[in-house]
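Chains as they are written, first to last, in this note's numbering: chain A, 1 to 305; chain B, 306 to 798.
Worth flagging that the hints you see were computed from the coordinates, not collected in a lab.
Hints may contain errors.
Think about it this way: if two alpha-carbon atoms lie no more than 20 Å apart in a straight line, the pair counts; the simulated SDA-like pairs of lysine to any residue are [claimed, not checked]:
id	chain 1	residue 1	chain 2	residue 2
1	A	242	B	665
2	A	233	B	700
3	B	478	B	617
4	B	542	B	473
5	A	242	B	664
6	B	542	B	575
7	A	242	B	502
8	A	242	B	501
9	A	128	A	188
10	A	242	B	542
11	A	233	A	215
Remember, predicted model here, so these are calculated numbers, not experimental data.
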Amino acid sequence: MIELFQHPLARAGARAAGIGAALAILGAVLTGGNAAGAGGGRQDDSQQAGSRAPADAGAGAAASALSDLATAQDDAAFDAGMRRLRGLARDDLAAFTGQLLTFAARDARDPRPRALAGRVLHRLDVSKHALTAALVPLLDDPNPDVRSLARDLLAGLEDRSPARPPDFSAYHALVEADFRAGREPRASLFRLMYESDAGLALLTLARASQLRRPEELKPILWAEHVVADLLWKRRFGFLPPKGVEPAAVEQVARMARHDRWWARLYAAHVLARHPELGDAALVAQLAADGHALVREAIRSAATAE
Amino acid sequence: MDLHPEWPNARAACDAHQRRRPTTVRSRFPLLALLGLTVALTPTPSRAAPEGPPCDPCDANCDAARDLLDLPPFVAVLLGDAAPCAPCAGDVDGDGQPTGLDIQLFVECLVASPRPPVGACCAADGGCTVTTSAECAGLWLGPGTTCAAGACPAGNLTAYRPRHGAGYFPFTKTAVSEADEMSGTTGPGIRVNAPGDADPQGEDDLIELLVERSAAAHDLALRRTNGALRVWTTPNKSPGTEVPFVSDRTDALPFPPGGATMTFWVEWAVAAHGTADLALEPLAAPLALDTVRFHTFRSIVMALGGENQSPTVPVDLNHGTFVVGTALYQRGYDVHMHDEDDVSAAGTGAAYNCVVDAIANRGVDEVCIFGYSHGGGSTHDLAERLDIDRPGIGVFEIVVTSYVDGIENDSDFDVTAETRRPPSTGYHANHYQRGSIADVFLDGGPVPDSDPPPTGLDVETTPWGAGVTHYEVDDLVQVRAFIEDNFVIRLTP
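In isolation and in its complexed conformation, chain B is listed as follows (with noise of 0.2 Å):
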């Protein structure tokens, strides 16, 4: 008889393995050997012909498997000690009943290469094949299951760049894209929470995380690799919002019902810097479906505006140097844009305070300044300010600056060429024009140590810059590719 649908007829499988001998089964099983002489003189009921799906005599505990297990439940029902789990258990030979004759058959099936069930297994790369569970290396969805569409589940994340306040402005919501998601530079980068960070805004420095799932049947779960990472439902950590973490894993992620995304919100928990990953994967087995990597930024971008220009969303083509602060944020760095009134001539303000909180409790080492005509004088300013109070601040570097066209900020009518170079900046880049009477002659001018050396570059005596005035040179293409290459080769996000 057929005892199931995708074996070869056991039958033929058991009178090939009767060639083996029997002596050494014997005496393998020499219990067995006795049952056989005992069983054989009690009668055992007679039994009705199976029905309904195929049957496997030799499973005698009916868990789609071949093995010593099998041996209490067939014993057991041989002596009458219990009921088979199934029409056939025991009876091997098909004969109707469990009897003594079985047993030889019984014991060679067990020492026959078993041939446990196959099923669907899904792969982290979305594949899928039907193979054995002990052959499956991915989830395994269980006995005559099949590769049909939608079987495996199928997930992905998706961070975002860091937010300002309730919201992203003054950038749009922007999302880190599949090819940078486990980039250690260019990928999320998250600010260390630890307590004692003040944030002016509210919380806002979790990472928003979607989720997305391709079928509600399966529960996903998310792993960590580092228990820095904290993951909640809210992004100002409600209470009772947290997603909790058993070792290092989630229980299934509260879905809505039925859902196919949720939003999550990642948090970097202790002070110390690192990198982490979270991946996604079905509940069922550490199977990854997708992962990205956090990584704590190092460092703080301010971008100052030149007079009366404010950071707007979408971001203004003629206030270059937010167009380059638009592109370090895109490129995975901790941005914050400011208006040049927020740094006063004695460099205090919203832009100072900013600084010192991120290097005092959110371990920031590295700090980059660059601004265009006053904003250019307020990253002078600034830089002096930093440090000057570095005593009362903590360890860090500014590691680049910048101006373009640079004017003293004294105030609104301060027109004096900011020629001073930022105290301890690492790296000073700086460009400027000549004034003229179409720009009531504003113009910034060398600076000692400035790159292109020895003091910047007179952008007007580049074909590309000739005839430029003051209020165009901050929107010129090689001069914001300039800053921008020569900031990312030495800033670490």
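Okay, chain A solo, but in the shape it has when bound (with noise of 0.2 Å):
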């Protein structure tokens, strides 16, 4: 077994440099700027529970504690910031989050930041749900780099890869969260499981808005399903790269059609990235949705056509 790591008083005389040159680079990156929270404030107050404004005080520790980490010279040093910020984000993560990509996003130019974000997270090992409803709130974050990373990393929390789906498991728990008070679930984490995934995001709805009559699920996964067996025969050549089955133009105008908005949120975004498989009435049809996700997603298929 090969050993990771080696003391870096070891490596001295050629690295001096070069970590001093890193250092300096995130040194003056956390030095500067603005270190109050983006926080996990959300523009609906009556929102889910557990993210809050991060407390100045707060907000001022976790900047501090991440440049500690980013100056530190040895091991020692490192594991000791790691200590802070390990505390730091137990006492709240959804605040400490923020800071993190507040602090990652300083500079799009550099990607030292970002790799000392996700180390950190790497190090604190931070279960997958929880960090998904730390960042989650994010996604409405006021700064668009903070809202970008939020949904960077939320993508890879999903763990899609070429031979596996997304994994939307954790996006459930907080949609089913808030339809079991009674909230509207967050429009930005619709927008991201949809643009992720279509398909998983409308099976992922329909369990957590606490459907249980079967002939309610039925057409819904019956729909999913006829789509998603024309996209793979494409994918897989048995059909052409274009190739249309009247099944399925048949099952997107029903979820076109559906009563539930997050069903007709399907049948838009399959529209939009399909406009074969419906006609320029059913993209009008939804392009006056009463549901504004809805007529947001459609717009992309009207611009194609």
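Could you use the hints to bring the two separately framed chains together as a complex?
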């Protein structure tokens, strides 16, 4: 087994300049700019429990700890910095995560703050569900860079690969909690889920929205299955790349007429990516939908036509 | 009299030939013998002494040659049925008029060794000699021409490396060297451009070809060895801009009036792979002034940079992946350089679409993918996606892959070392270093069945790699050379 780490002092000579330069960059990033929390505040205050705007003291502590970490000279100092950060994360993961992304977002041209943030998250070893819950509120952060990084991190937590679909279990938990509490789930989360995998998002919503009767659930399952089957056939050459089957067209139209807006949202996303599965009338119908997310999603299909 | 400035005195030659047996001549030309008697009794009008340029009386049809073609006009002149084409034509004895007395001498002219005219003879190598038309293996410029400077046509073909979109970015426009232009590997590669090929950035599969000529006086043409080659005057095959071939040869190339250069665009217009030559030659003769050999691309190379690394022109020397990609492009490969974000965690994206199009529509069957840092993670994901989707793509091999300090790429925050071998690759090179505080402990790691064997190379175990960080390892010339050298011995251009 190859030892992964060697004491940095054993390699001091050739690395001194490199270390100094890297730390100078991180130090400059940390000491400049606004360290105030971007936090987890949502536009609708009646939303999910567990998110609150970070306290100023917490924000300052996180920034200080990150600065210490960035300027650590050896493993011991790095570990000490990690212990501080671990404590802050344990106290208020949502606030800490906001501070971490704010730190990572300071310079889009330099990947090193993001690398440090990634290393911190890796070392903290926070559960996926907990981290997802902390990140989702940041989808509505006032800072667009923080929003972008939150989306990117969440995409990573979905753990998709060429060989497996994304894992929406953490999203499911959040959405179900909202539905049970009678709250409207966060629109930005829906946007993320449907853009990631519209079919899986539809199935997740069907379960999380507490539908119970088979006659309600089965049409949704069938629609997703038929369309997914078409896409599978295209992917593996059983149909041409733009091949169409009438059954898939029919199911998309059914979903576009569904009384659940999140089913209509599925139809809008499918048509946005595969306009050949609908027609102008269907697009127009969805463009006039009562739900903003549906109208937003179908806009790209209208542009493609 | 002197009949031609460059010929010995024709009378002396004729006199020499009088010693030949005239009976043999008359037996061979009994009609002439009869005409000799007839013509002697038929006076012909006297003629004035010849004026102007030297005249050959034996050349009765004035074609600058003495042969049997002169016989009918000679007879016609003797019989008064036609006027002589030249003042002396037919008057071999020089008495001022063609008579029967000229017959014997005319016959002896014909049977004597003909002395065709000489002129400049241009060779393919640019050389020039003065010789006869029959003895000229190149382009004969005509009787009396000389090898003066500029007399012979000269021209040159320069092919360029392939484009991407409307231009050459992310590469500089690169000419194929004279030393390489006839090579079937390092020469001009060309993408198969059969119908169905998708070009999201517009038609970019034609190869730019610069044609130069030394002088506007000579018309030039192109000759192809394979009908798969088509030539256009526009890069996007605008209607009406094709240069037609007839029997694999064009007509005179449409240079601008007085122009010495012109740009054409070469297309490989069939689905089958192959090589083909395009030769530049004078319109007047099949004399190759210059030739280039095109070979179709059998492979596609995907270079994936690290985080925040995007292709630039000129190439950023701190972006080792793109330095290698540029080197392979200059060596004749079809290279496509991408930001690692062009590969999603599911392996899809612009890079995937590029490879699939190449395989499905351009006959590419060899794929090369390599990357640094998150580009290494993207290398894995792209290879895995391609491998899974084979039934829907076509037949191909992932021939070579490489990681330099590969990091999995599920997100910008992913710091996990990429230690999975790209699925189905035929050869995988792997270089990594040991992370430290200096590079936030970013590092790749051992990958099973990699080169150098068995799991790749920790560069910090070498003198040239000791102490290098994650941000420097891709710039090591030893790493770049290892990748490049091992790719070119395994990957067909």
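Hint check:
1. A/242 to B/665: holds, 14 Å
2. A/233 to B/700: Between residue 233 of chain A and residue 700 of chain B the Cα gap is close to 18 Å, so the pair holds against 20 Å.
3. B/478 to B/617: holds, 13 Å
4. B/542 to B/473: holds, 18 Å
5. A/242 to B/664: The hint holds at about 18 Å.
6. B/542 to B/575: holds, 15 Å
7. A/242 to B/502: holds, 15 Å
8. A/242 to B/501: holds, 13 Å
9. A/128 to A/188: Given pair residue 128 of chain A, residue 188 of chain A holds - Cα atoms ~19 Å apart, limit 20 Å.
10. A/242 to B/542: Violated, because 26 Å separates the two Cα atoms, which is more than 20 Å.
11. A/233 to A/215: Violated: residue 233 of chain A and residue 215 of chain A sit about 27 Å apart, past 20 Å.
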